[in-house]
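K.L.:
Each chain, written out:
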Amino acid sequence: MKARVHVMLKNGVLDPQGEAVRHALGAMGFDQVEGVRQGKVIDLELAAGATEADITEMCEKLLANTVIERYEIELV
Amino acid sequence: MRAAVIVFPGSNCDRDLAVAFEQAGFQVDMVWHKDAALPEGIDIVGVPGGFSYGDYLRCGAIAAQSPICKAVVEHANRGGYAVGVCNGFQILTETGVLPGALLRNAGLKYICKTVGLKVETSDSAFTQGYNAGDVIGIPIAHHDGNYFADDTTLAALRDQDRIAFTYTENPNGSVGDIAGILSENRRVLGMMPHPERAADDGHGGTDGTALFRALSGVLAPA
Numbered sequence: 003m004k005a006r007v008h009v010m011l012k013n014g015v016l017d018p019q020g021e022a023v024r025h026a027l028g029a030m031g032f033d034q035v036e037g038v039r040q041g042k043v044i045d046l047e048l049a050a051g052a053t054e055a056d057i058t059e060m061c062e063k064l065l066a067n068t069v070i071e072r073y074e075i076e077l078v
Numbered sequence: 014m015r016a017a018v019i020v021f022p023g024s025n026c027d028r029d030l031a032v033a034f035e036q037a038g039f040q041v042d043m044v045w046h047k048d049a050a051l052p053e054g055i056d057i058v059g060v061p062g063g064f065s066y067g068d069y070l071r072c073g074a075i076a077a078q079s080p081i082c083k084a085v086v087e088h089a090n091r092g093g094y095a096v097g098v099c100n101g102f103q104i105l106t107e108t109g110v111l112p113g114a115l116l117r118n119a120g121l122k123y124i125c126k127t128v129g130l131k132v133e134t135s136d137s138a139f140t141q142g143y144n145a146g147d148v149i150g151i152p153i154a155h156h157d158g159n160y161f162a163d164d165t166t167l168a169a170l171r172d173q174d175r176i177a178f179t180y181t182e183n184p185n186g187s188v189g190d191i192a193g194i195l196s197e198n199r200r201v202l203g204m205m206p207h208p209e210r211a212a213d214d215g216h217g218g219t220d221g222t223a224l225f226r227a228l229s230g231v232l233a234p235a
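Here the protein sequences come in this chain order: A and B. When you line the first sequence up against my numbering, it's residues 3 to 78, in that order. When you line the second sequence up against my numbering, it's residues 14 to 235, in that order.
By construction, these hints were calculated from the structure, which means they are not laboratory data. These numbers were taken from a predicted model, which means no experiment stands behind them. Even glycine gets a Cβ: it sits at the ideal position worked out from N, Cα and C. Hints should not be assumed to be uniformly reliable.
[Stated by the list, open to error] Here are the simulated DSS-like cross-link-like pairs (lysine-lysine), alpha carbons at most 27 Å apart as the crow flies:
no., chain 1, residue 1, chain 2, residue 2
1, A, Lys63, B, Lys131
2, A, Lys63, B, Lys126
3, A, Lys4, A, Lys42
4, A, Lys42, B, Lys122
5, A, Lys4, A, Lys63
6, A, Lys12, A, Lys63
7, B, Lys122, A, Lys12
8, B, Lys122, B, Lys83
9, A, Lys42, A, Lys63
10, A, Lys12, A, Lys42
[Stated by the list, open to error] Calculated from the model, a selection of chain A residues having no Cβ within reach of chain B, i.e. all distances over 12 Å:
no., residue
11, Leu16
12, Glu21
13, Ala22
14, Gly28
15, Met30
16, Gly31
17, Phe32
18, Glu47
19, Thr53
20, Thr58
21, Ala66
22, Ile70
23, Glu76
[Said to hold, decoys possible] Some residues of chain B that are not near chain A, with every Cβ distance over 12 Å (derived):
no., residue
24, Val128
25, Ala138
26, Asp213
For reference, chain B alone in the conformation it holds in the complex (with noise of 0.2 Å):
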């Protein structure tokens, strides 16, 4: 099982997502911004959290645009597995992989603190590890998570049960209490908190183990 976790100037949790990966039993390549292409064989794509080009313009919205993103891009359209957090998130979303946007939070704040999430649907490769209802406490730490999706776009999620987490308390203002979301075909996932921050007993919180773990299940050569 091959993972690539994506390294963008300013990148901060690529290697907190690498270890993550390595502890679920995944070999990781870090692949730099200005590839073209990921390494072959790969099974998953981490783009991690971060402020990926300082966060000019809008979050994610230049890392949308690098070389590599290209390729993760290819990759997912191709059925291809990878999952966002936080910065990584607001990159999925500025490349159209994933539906809506993140903006600033309503309270202007930058939140840093680990919230209650409520896992809305365990049929994913990521959410197979948790129960739907289960709340999990995972970290956020964002100063633009709240998220965003026309009423069109939310009904979809809505009806294709693609909301992966929503969040107990807001923390943000996001439409929906939505954390987290899945693609069409459930094989991409974004999300601002991160598990990979509580995956660790040094993190003060293992809740985010699972994710990894259940994606190795998945991932695992049969």
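Bound conformation, chain A alone (with noise of 0.2 Å):
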């Protein structure tokens, strides 16, 4: 079984890194962007009978920090 979390700044968190992002991409002439985010991605690789229960807990211990972050769960 694999999953894939998604972790994303919450909205109204400042992303310094977005924000540099967003400025190369508008001096390259991408004037079309208004706005950029950037977050992580992290694939598990999971044992037979995992589940989503599982790798919630796994986000809201370790890989989201709840504080600042948002996180998503996939399964694929």
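Join these two chains into a complex; the hints should help.
P.N.:
What follows is the structure, given as structure tokens:
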């Protein structure tokens, strides 16, 4: 079983790296870019029997810092 | 008086912190991150700066799950004293001992320089050697020192006089210019600037010395 976890900064939390990417894209002439948010993708390879609840616990305890980040779990 | 300084793979201020404690009269035990318990009779735990676990995932996130950090959290929950400096502050927020989080500096650059810190409260074992309103010079050296907390948390920090230090000129985008905060019981301090790097004449400044001296004043056996 595989799962993919997307971790993004919450809305309202400043993302200086995303801003830097936005500036760079603008400087390259991509004027259509109005905003960039940068996040993480974490792929998990899981033994049979792992549940979505297990992955949620992993996210809450380690993979995301829920003070500043939100996460989405995708089973693949 | 005994202090424990935690050593993670990637810690690089552990010896500086130990020397600062020793100069204030503490006997210091260096404690490896894989140990599951603190030595008996520890009066204060120091969580040092550095790049524990290479800052992988998030600064301090993996260190916060190490065996010794469970013991540090238990120590703090029992009312024990602890101080986290720089990466140590990041680790203490990741464990939940201190609220909020440290984000990437707003200017994206790693910053290493001495900054002005305003002492916001002298009401703690860490800051009673200063007067509220004092401005001291302490070095910072971080890439992820941009303190963030939600409005509710910030209001609580302000209402409870738990902001220990603010920057006189905000270097990193921290909300409310916050450089260091106290736990609710005022016995845990987290701060991004390095008082242990301003604790010897050879450092070019000794404004951090008063912090360690104040601690020894509080923790010395009667």
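K.L.:
Compare the structure with each hint and give your call.
P.N.:
Hints, one by one, checked against the model:
| no. | hint | verdict |
| --- | --- | --- |
| 1 | Lys63(A) with Lys131(B) | violated (34 Å) |
| 2 | Lys63(A) with Lys126(B) | violated (34 Å) |
| 3 | Lys4(A) with Lys42(A) | holds (16 Å) |
| 4 | Lys42(A) with Lys122(B) | holds (20 Å) |
| 5 | Lys4(A) with Lys63(A) | holds (19 Å) |
| 6 | Lys12(A) with Lys63(A) | holds (17 Å) |
| 7 | Lys122(B) with Lys12(A) | holds (22 Å) |
| 8 | Lys122(B) with Lys83(B) | violated (32 Å) |
| 9 | Lys42(A) with Lys63(A) | holds (16 Å) |
| 10 | Lys12(A) with Lys42(A) | holds (13 Å) |
| 11 | Leu16 | violated (6 Å) |
| 12 | Glu21 | violated (8 Å) |
| 13 | Ala22 | violated (6 Å) |
| 14 | Gly28 | holds (16 Å) |
| 15 | Met30 | holds (18 Å) |
| 16 | Gly31 | holds (22 Å) |
| 17 | Phe32 | holds (20 Å) |
| 18 | Glu47 | holds (17 Å) |
| 19 | Thr53 | holds (21 Å) |
| 20 | Thr58 | holds (17 Å) |
| 21 | Ala66 | violated (9 Å) |
| 22 | Ile70 | violated (5 Å) |
| 23 | Glu76 | holds (19 Å) |
| 24 | Val128 | holds (19 Å) |
| 25 | Ala138 | holds (26 Å) |
| 26 | Asp213 | holds (34 Å) |
In terms of the numbered hints stated before, the structure departs from hints 1, 2, 8, 11, 12, 13, 21 and 22, listed from lowest to highest.
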